[in-house]
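Protein chains: 2
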Amino acid sequence: MSLEEHTNSMLPVIEAELHRQIARLDQPRLRPFYEMLTYHMGWTGENLGRGAKGKRIRPMILLLVTLSCNQEWLRAIPAAASVELVHNFSLVHDDIQDNSPIRRGRSTIWTMYGIPMAINVGDALFSMANQAILDLAKVNSAEKVLKAGKILHDTCLDLTCGQFLDMSYEKRNDMSIDDYWPMIEGKTAALLSACAQIGAVLGNANDATIEQYRIFGRNLGLAFQVQDDIMGVWGEEALTGKSTASDLLEGKNSLPILYGISQKGKFAQRWNASRLRPEDVEEAAQMLKNEGAYEFASREAIRLTDQASEALQKADPQEEAGAALAELVNKLLARES
Amino acid sequence: MSLEEHTNSMLPVIEAELHRQIARLDQPRLRPFYEMLTYHMGWTGENLGRGAKGKRIRPMILLLVTLSCNQEWLRAIPAAASVELVHNFSLVHDDIQDNSPIRRGRSTIWTMYGIPMAINVGDALFSMANQAILDLAKVNSAEKVLKAGKILHDTCLDLTCGQFLDMSYEKRNDMSIDDYWPMIEGKTAALLSACAQIGAVLGNANDATIEQYRIFGRNLGLAFQVQDDIMGVWGEEALTGKSTASDLLEGKNSLPILYGISQKGKFAQRWNASRLRPEDVEEAAQMLKNEGAYEFASREAIRLTDQASEALQKADPQEEAGAALAELVNKLLARES
Numbered sequence: 021m022s023l024e025e026h027t028n029s030m031l032p033v034i035e036a037e038l039h040r041q042i043a044r045l046d047q048p049r050l051r052p053f054y055e056m057l058t059y060h061m062g063w064t065g066e067n068l069g070r071g072a073k074g075k076r077i078r079p080m081i082l083l084l085v086t087l088s089c090n091q092e093w094l095r096a097i098p099a100a101a102s103v104e105l106v107h108n109f110s111l112v113h114d115d116i117q118d119n120s121p122i123r124r125g126r127s128t129i130w131t132m133y134g135i136p137m138a139i140n141v142g143d144a145l146f147s148m149a150n151q152a153i154l155d156l157a158k159v160n161s162a163e164k165v166l167k168a169g170k171i172l173h174d175t176c177l178d179l180t181c182g183q184f185l186d187m188s189y190e191k192r193n194d195m196s197i198d199d200y201w202p203m204i205e206g207k208t209a210a211l212l213s214a215c216a217q218i219g220a221v222l223g224n225a226n227d228a229t230i231e232q233y234r235i236f237g238r239n240l241g242l243a244f245q246v247q248d249d250i251m252g253v254w255g256e257e258a259l260t261g262k263s264t265a266s267d268l269l270e271g272k273n274s275l276p277i278l279y280g281i282s283q284k285g286k287f288a289q290r291w292n293a294s295r296l297r298p299e300d301v302e303e304a305a306q307m308l309k310n311e312g313a314y315e316f317a318s319r320e321a322i323r324l325t326d327q328a329s330e331a332l333q334k335a336d337p338q339e340e341a342g343a344a345l346a347e348l349v350n351k352l353l354a355r356e357s
Numbered sequence: 021m022s023l024e025e026h027t028n029s030m031l032p033v034i035e036a037e038l039h040r041q042i043a044r045l046d047q048p049r050l051r052p053f054y055e056m057l058t059y060h061m062g063w064t065g066e067n068l069g070r071g072a073k074g075k076r077i078r079p080m081i082l083l084l085v086t087l088s089c090n091q092e093w094l095r096a097i098p099a100a101a102s103v104e105l106v107h108n109f110s111l112v113h114d115d116i117q118d119n120s121p122i123r124r125g126r127s128t129i130w131t132m133y134g135i136p137m138a139i140n141v142g143d144a145l146f147s148m149a150n151q152a153i154l155d156l157a158k159v160n161s162a163e164k165v166l167k168a169g170k171i172l173h174d175t176c177l178d179l180t181c182g183q184f185l186d187m188s189y190e191k192r193n194d195m196s197i198d199d200y201w202p203m204i205e206g207k208t209a210a211l212l213s214a215c216a217q218i219g220a221v222l223g224n225a226n227d228a229t230i231e232q233y234r235i236f237g238r239n240l241g242l243a244f245q246v247q248d249d250i251m252g253v254w255g256e257e258a259l260t261g262k263s264t265a266s267d268l269l270e271g272k273n274s275l276p277i278l279y280g281i282s283q284k285g286k287f288a289q290r291w292n293a294s295r296l297r298p299e300d301v302e303e304a305a306q307m308l309k310n311e312g313a314y315e316f317a318s319r320e321a322i323r324l325t326d327q328a329s330e331a332l333q334k335a336d337p338q339e340e341a342g343a344a345l346a347e348l349v350n351k352l353l354a355r356e357s
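Taken in sequence, the protein lines are chains X and U.
Each residue of the first sequence is one higher than the last, beginning at 21 in the working numbering.
Each residue of the second sequence is one higher than the last, beginning at 21 in the working numbering.
Mixed in with the good hints, there may be bad ones.
Each pair may be met inside one copy or between any two copies, as identical chains are not told apart.
Unchecked claim - When the alpha-carbon atoms are kept at most 16 Å apart in a straight line, the in silico EDC-like pairs for lysine to aspartate or glutamate are as follows:
1. LYS170 - ASP155
2. LYS286 - ASP300
3. LYS73 - ASP178
4. LYS286 - ASP178
5. LYS158 - GLU92
6. LYS351 - ASP336
7. LYS167 - ASP155
8. LYS286 - GLU302
9. LYS286 - GLU311
10. LYS286 - GLU339
11. LYS191 - ASP227
If you are wondering where the hints come from, they were derived from the structure by calculation, not from laboratory data.
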């Protein structure tokens, strides 16, 4: 089976499980609350379409890892829903924290219902993620469920640490590349690492194999974030010839920008002088490229992707599922090779 | 042992366990984040003193129930920390949602660090509550830990439901007493009910006994909230002759106020005419009393307290621990008898 065939068989089951978990709120008195969650999940409301749901990458990775360990992926479905719920909880709170009006092409929860309600929607998704992981107990041993739960809960604390670092960096302008990695460890790598680890635990893998899957997920997450950061400065430039470059405008703590600052060249001078205006962005992006930021970040992305691939090989995945995982990685990181 | 002696032996152990759980953030890079949590817990910062920590009522109830089931309370300590962490997570988010500047006589987290950081502090406390409950596995069977975890996570979703109802009621003025009970089931009763249930699970109680402890905790929580609502309108009136009556000013969905509205008398007329000003409050409180709201709410508080006591008796607690629990109930509800 190809990645596409796996996706076609897994995605509807993931979606059904997410519906089942969120249906806990499907009660007459709670109807408007329930609808806030179904809106966020991309099931109801404005601009429905493929983009509204997100790609459900995290549950896909979890299930493919379980399958790579030669186990039936259906036994891991509540965990797949759980990691997607954690991801969505963190998005709802992130959007408040970042003051973001749009997510997946649609209005964010806080812009529609206000900050107090949006905080509560995030808390509900978080609670459901915790409930979902315990639903594993129906077809997995209590010890395995506890092991998966511990990975999940530790990861949620890591997410808050990454979020803290990101928010506290916004008030500083003495950031270095050394500050970057711990931030994205929490914000991006922790949850992808947890997906791979939990998938392996539920795949009955031994500790050495679980560790390789952890390294795989972690490096995939880091590479994914670096790739995202590159797109955030140079956007679809290569394809469209036009920079989107919103990260420069927002002053985001991204790898290319931190690299540029550390070079103390023309970019750093311009960056430290005053906040960039939209008309400055193209020139600043070009300065960054001239000073080697694009090459540096691209090399980092490749290095991390190679480490992810190496760990995946060491984990010795079942042939077909391993190939699907590798294909997913390539798709995610949009590598030419 | 009296309640005071139990408190003296349990409180320091609860506090040490809370410190141990929160120390997960005690890392150089995360120092300011860690200090936000230690501030909220009442260990560092302004106005330290007995009031800063809160009374740790929830962990006390949990441990006393375990002891009432003739089990060593030390085995339940991580669960005691967990319920206190859930309580504190919900306070941090509540204070943002209610726009409250003061908690336990000290500035709230969001007024000190801003809303984005405060959301994240709440999320961290929530994550630690989930981690703490799994720490039970060190001295309890995996099955018991899963049972306690399920109660905890279901309760957290109940909390968000109560919070949703409370916030959505703020925009309505057609509220009735029927709307009141589901709201406080979630906001107040669910967590006290969970404390008693988890205490009984860890006390190796059978299902019938666990159910009595659940009813005990639930009715205690409901009675506690009704009592709080009475104080919110008539305050220390009986003692000081002066009404504090902040709930009337804030337009809170409290039982006496909803009763007054339902009577469609002079109070309801005044209430619906315009928001009360500070100088109107004393008269409005008197109107409410004249129309029977004080008597109604007091009768409800007594009814619920009696139901709690009855369930506690049926649970057949070990003599000394049961007496301490009963004493705690009386203290909490400040009953004359």
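Quick rundown of the hints versus the structure:
1. LYS170 - ASP155: both (14 Å within a copy, 9 Å between copies)
2. LYS286 - ASP300: Result: close within a single copy only, 13 Å intra versus 65 Å inter.
3. LYS73 - ASP178: This pair counts as neither: shortest intra-copy Cα distance 24 Å, inter-copy 26 Å.
4. LYS286 - ASP178: neither (36 Å within a copy, 55 Å between copies)
5. LYS158 - GLU92: Within one copy only: 14 Å inside a chain, 30 Å across chains, cut-off 16 Å.
6. LYS351 - ASP336: neither (21 Å within a copy, 62 Å between copies)
7. LYS167 - ASP155: Both ways: LYS167 and ASP155 sit 13 Å apart in one copy and 11 Å across, limit 16 Å.
8. LYS286 - GLU302: within (14 Å within a copy, 67 Å between copies)
9. LYS286 - GLU311: within (8 Å within a copy, 76 Å between copies)
10. LYS286 - GLU339: This pair counts as neither: shortest intra-copy Cα distance 50 Å, inter-copy 78 Å.
11. LYS191 - ASP227: Close neither inside one copy (41 Å) nor across copies (53 Å); limit 16 Å.
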